[in-house]
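Colleague: Sequence:
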Amino acid sequence: MLGRCSACRGRESMQQVAPGVHIDPDLGGCTVGAIETVHGVVLVDTPKQPSRALRWRSEVASLGSVEYLINTEHHIDHVFGNGFLPGTVVASRVTASLFWEDSVLGRNPLHDPAAYISTIEHGAEDLADDYKPRVPEIIFDGSMTLSFGELQIDLLALPGHVSAATAVYLRGERILFAGDNVFNGTMVWFHEADPYLWLETLDVFRSMEIETIIPGHGEPVGPEILDEMSRIVQGAMNGVSQAIDKGIPRDGIADALGYLGGWPIEKEHAPRADELHEVFAKRLYDQVVTHRASQA
9 MLGRCSACRG
19 RESMQQVAPG
29 VHIDPDLGGC
39 TVGAIETVHG
49 VVLVDTPKQP
59 SRALRWRSEV
69 ASLGSVEYLI
79 NTEHHIDHVF
89 GNGFLPGTVV
99 ASRVTASLFW
109 EDSVLGRNPL
119 HDPAAYISTI
129 EHGAEDLADD
139 YKPRVPEIIF
149 DGSMTLSFGE
159 LQIDLLALPG
169 HVSAATAVYL
179 RGERILFAGD
189 NVFNGTMVWF
199 HEADPYLWLE
209 TLDVFRSMEI
219 ETIIPGHGEP
229 VGPEILDEMS
239 RIVQGAMNGV
249 SQAIDKGIPR
259 DGIADALGYL
269 GGWPIEKEHA
279 PRADELHEVF
289 AKRLYDQVVT
299 HRASQA
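So in the numbering used here, spot 13 of the sequence shown is number 21, and the numbers just go up one at a time.
It is worth saying that the hints were derived from the structure and are not from the lab. Check the hints yourself; a few may be wrong.
[Said to hold, decoys possible] When the alpha-carbon atoms are kept at most 35 Å apart in a straight line, the in silico DSBU-like pairs for lysine-lysine are as follows: (1) LYS254 - LYS275; (2) LYS290 - LYS254; (3) LYS275 - LYS290.
[What the hints assert, rightly or not] Per label pair, the in silico range of CB-to-CB distance: (4) GLU133 - HIS277: 17 to 25 Å; (5) GLN250 - GLU208: 17 to 25 Å; (6) PRO27 - GLU227: 32 to 40 Å.
Heads up, the beta-carbon is just placed ideally off N, CA and C, and yes, glycines get one too.
The whole structure should be built from the sequences, with the hints applied where relevant.
Modeller: Quick look at the structure:
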């Protein structure tokens, strides 16, 4: 059965960022969260590595029973751990519709969990035997509010990094789980991005009363991170636009650009750095060309 993992012992990493709000920012996967409510625990995203998911399950069990699990997007680093964690899965309709889709980076690992586990965590292959992907059961369009007594959790599906990334906003606590529309200290991913809408979403975040932002990847940070994110996204767009103005074709765009990710690439993705750079560059090229055509 899922749940026995010798690698999980003695490795607690839960951090409390506010009363009743906990995270695990361990790099190598997305930053996950656990919110205590009067009716149980609400999880935000899941670890992708089986041992980390099982460790997280053990840690959040100390907070109470898990009622809901919110997936902020469909990417595998946010949803693979669903199979190791409890709670009714909640996601936007866009996230639900893309749950099983392949991407420009390859086949969706949910189609072959055993192969994926053997790739991301050596020694955890036996956990694949009982693994079953868990898909969204509660699906919302645009926005939804979960109310637990005096605690209100707003879910807002906002585009940018992907076509709809769910922001989880604790208005009373002034805490925002921004999903992958905000990275902190680790490479920004553009492979499915709409940079124009991304900048608009960052403006939406600026209009909110926020003291603490939990990024999709990285440590908690203040709202000043929004300016840095805008700089990275706008800078990537500017570089692509300038290359297009010089007549650089799509197939040559990657060679014409410097690093696009802002912060350093994660160690686990370093072997694919050139591939990812080309994917990001071509995605931004297509977005700039499409945007210009729409403005003509």
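Colleague: Give a verdict on every hint.
Modeller: Each hint, compared with the structure:
Pair hint LYS254 plus LYS275 holds up; C-alpha atoms about 34 Å apart against a cutoff of 35 Å. The suggested pairing of LYS290 with LYS254 holds, with an alpha-carbon distance near 16 Å, which does not exceed 35 Å. About 23 Å separates the Cα atoms of LYS275 and LYS290, which keeps this hinted pair within 35 Å; it holds. Remark: the range hint 17 to 25 Å for GLU133 to HIS277 is upheld by a beta-carbon distance near 22 Å.
The supplied range of 17 to 25 Å is met by GLN250 and GLU208, whose beta-carbon atoms lie about 22 Å from each other. Separated by about 19 Å at the C-beta atoms, PRO27 and GLU227 break the suggested range of 32 to 40 Å.
In this structure, only the earlier hint numbered 6 is contradicted, and the remaining ones agree with it.
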